[in-house]
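Please model the entire structure based on the sequences and the hints provided.
If you read the sequences in order, they're chains A and B. Per the numbering used here, the first sequence runs over residues 1 to 334. Per the numbering used here, the second sequence runs over residues 1 to 437.
By construction, these hints were calculated from the structure, which means they are not laboratory data. We put the CB at the ideal spot given by N, CA and C, even for glycine. Don't take every hint at face value.
Cβ-Cβ distance ranges computed for the label pairs, FRET-style [stated by the list, open to error]: (1) B:Thr-292 to A:Ile-114: 41 to 47 Å; (2) A:Met-58 to B:Glu-71: 34 to 40 Å; (3) B:Lys-140 to A:Phe-55: 39 to 45 Å; (4) A:Ala-145 to B:Thr-292: 31 to 37 Å; (5) A:Trp-178 to B:Glu-71: 50 to 56 Å.
Some residues of chain B that are not near chain A, with every Cβ distance over 10 Å (derived) [what the hints assert, rightly or not]: (6) Thr-61; (7) Leu-110; (8) Ala-124; (9) Ala-135; (10) Glu-163; (11) Met-169; (12) Glu-180; (13) Thr-243; (14) Glu-351; (15) Asp-368; (16) Ser-374; (17) Pro-376; (18) Glu-399; (19) Thr-418; (20) Glu-421; (21) Asp-425.
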Amino acid sequence: MTSAIPAPPAEPTSSPENTPSVKTRSTPEKKARRQYSDRVRAERRLGWLLAGPAFIVMLLVTLYPILQAAFESLFQFRLTTPDEREFVGLGNYAVILTDSVWWRDLGTTLLITIVTVAVELVLGFALALVMDKALKSIKGVLRTAILVPYGIITVVSAFAWFYAFDINSGYVNSWFDWLPGIDENTNWFAQTGTALFVIMASEIWKTTPFISLLLLAGLAQVPGELTEAAKVDGATWWEQMSRVIIPNMKAAIMVAVLFRALDAFRIFDNVFIMTNGAYGTEVLSLLAYRQSISRLEIGLGSAVSVLLFLCVLIISFIAIRLFKVDLAGTQGGK
Amino acid sequence: MPTSRRTPNPVKNRPRAAALASILMGTLLVTGCGSGESENTLTWYINPDAGGQAAIAERCTTEADGRYRIETSLLPSDAASQREQLARRLAAGDSSLDIMSLDPPFVPELAGFLAPVPGDVAEATTENVVEGALAGATWKDELVTVPFWANTQILWYRKSVAEAAGMDMTKPVTWDQLIEAAETQDKELGVQGTQAESMTVWVNALIESAGGSIVTNPEAPSNEIELGLVSDAGREAARIISTIGDENLGGPGLATQNENASLDLFQSDSGSFMVNYPFVWPATVGAVESGTLDQALVDDIGWGVFPRVLDDEAAAPPLGGINLGVGAESDNPELAYEAVQCIVSVENQAEYFVTNGNPPSNTEAYEDPRIEESFPMAPVIRDSLQDAAPRPQTPFYNEVSTGIQQLWAPPGAVNPDTTPEESSDFITAVLRGERLL
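Below, the structure written as structure tokens:
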């Protein structure tokens, strides 16, 4: 990613590896601790005192259920027959991982995650640019307008999209019947492809504002002098984008992608409302729901939930390690 | 509604903290009122309806003259979610479950959490009750719930289409006749092909009508349950469903068609025959009164018993409805059963039918003169209820039903040669804990 255009005069030593906002940590931790001044130590203590209670509450409400689920997943346990609880070790995991349903649902979930995040990233970036460049006078209105979908409850937007596309109540079929493949008899929720299309479109419509907001924050962090210098050097718009703005926003982009990918992977509401998993649209959250809540098979359902949790951990791990996302980097700034 | 009264006045100089405090107080007061402010308050968990159950609760409270007070609490809209909520609450030992409106298929699963029906109540509430409803209220030969109202599907038809097809509608008709009529008249059949509970209702009615059963030993433990899908009856059911799906006789929306969607189809120009619950009658008449449909449509509608599968054997129509159960953890089971007796009284059942369109389980209620006026098809409904067959009465009904839904929908994907066997193998594996659902 080494810059081909001459380094801007304002920051001649700026390293291309690090965005301006990312702090470098060269000294080993231990050594650093000894060097902390009293003031820093007092600040740290205050930090713990302020964040401590929230941290403990978070442990209670997240760690406890996670451990409970991991424990339950080792049993064959049906809520309506509590006396027949039986320890099966990793048996539930064996059942799940050898079942084609798990792999099919994993595939569907991954497909939804990849497609929605990719489309949202492109659209979100465009919207962020629009918001960034908009005239001061309309900035507020524009941001509000763009954020409206994100403010709508997912269940409500899922119903809105469902009724719009539904063959009985929908208007989409009659509005868009000039497009090939769409006529008044198109039953969107009867085939996997079309049903997933509506689910993903609804998901994208609803969460693009979230990504664009994160990217807008990233855009605001790109030092103005860098882009100005690039302009002075005669860089085209595309060169400014690809060589100056995007590299400097890497952390913001990765945080946006990570947050959205984790969210998209756990998609539930849209699928539950629109198809309830019918005709090949079932996702992993719905699979867990079906085992734990519908079948009341707490053991099997917990095992699915634990596996889902592991998938989420893996995604976070890949994102943080492989792409070197520094989550702290986006907050600090210089 | 104490909250609305306690909302603070927007006096400008009042500090915000005081406003917050009064909202909090209001909330506390509401909570205080809600949970057992008096010991003789009974909570009745009702499925959503047009307000009929709440009205009955009010009437019984008045009649009880202070002995008890019935409060209603609303359950989710679909039967599966109602079961989920009730099962969770029952398993957690919730003592607020005094009276519950239960869908018959879920009775066996929840039977262990219900207070036993006292002998005198059982005797008083089962007299003159239709056969189907009694079967649905029983588990292992014992009455565990009290039949309240009973639902069944009948055949609705457009007289003009039947006449054009040359059908004699004074006699029971078969599915094959309906299929042929829809084909020759270029019309569509109103059936429920969506992947939901209604699919199991349809499959069960077809298999029972052909003399079979989805589950042959419903009282067995999960790993010993045997299915009757791989049989002549199962294949015949699959043949009928797949023919309707393959030849597009159920309209373009068949794969997502529920009871309401099939009513829309039936009311449209391509409507011909439909199997559906009695709610369609007040819905259609209401639409005519409000001007969205023509009176000519209502005049064109006829009705008869559920279509047969076999020429020479009476159909076994679907059975639905609501039974009343009393929670084993209830603080007042005696009082709750007293209230149940009031709720299921013949007058209340008749009133509920007239106002909400839900048919009585007690045959005596059909004598009410108001019923014939608002439901001219009431005798057909009553007779259908006597022949109706419940869905599999097993504690593992959810597994059986979901398995059927996943493999028998959409109708176009059903294959009479493979679907019965595939679904049988799948459900058996799920019940043995070898597969996910």
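We went through each hint and held it up to the structure:
1. B:Thr-292 to A:Ile-114: 41 to 47 Å: holds (45 Å)
2. A:Met-58 to B:Glu-71: 34 to 40 Å: holds (37 Å)
3. B:Lys-140 to A:Phe-55: 39 to 45 Å: violated (53 Å)
4. A:Ala-145 to B:Thr-292: 31 to 37 Å: Check passed, 36 Å falls within 31 to 37 Å.
5. A:Trp-178 to B:Glu-71: 50 to 56 Å: holds (55 Å)
6. Thr-61: Per Cβ check, Thr-61 of chain B is outside 10 Å of chain A; nearest 32 Å; holds.
7. Leu-110: The claim is violated: Leu-110 of chain B sits with its nearest Cβ about 7 Å from chain A, within 10 Å.
8. Ala-124: holds (29 Å)
9. Ala-135: Label holds. Min Cβ-Cβ 21 Å, cutoff 10 Å.
10. Glu-163: Glu-163 of chain B is indeed farther than 10 Å from all Cβ atoms of chain A, at 28 Å.
11. Met-169: holds (28 Å)
12. Glu-180: Label holds. Min Cβ-Cβ 23 Å, cutoff 10 Å.
13. Thr-243: Holds: least Cβ distance 18 Å, greater than 10 Å.
14. Glu-351: holds (32 Å)
15. Asp-368: holds (35 Å)
16. Ser-374: holds (27 Å)
17. Pro-376: Consistent with the label, Pro-376 of chain B stays out of reach of chain A, its closest Cβ about 28 Å off (over 10 Å).
18. Glu-399: violated (6 Å)
19. Thr-418: With a cut-off of 10 Å, Thr-418 of chain B remains clear of chain A, as the shortest Cβ separation is near 17 Å.
20. Glu-421: holds (17 Å)
21. Asp-425: holds (13 Å)
Hint compliance for this structure: hints 3, 7 and 18 are not met, and every other hint is.
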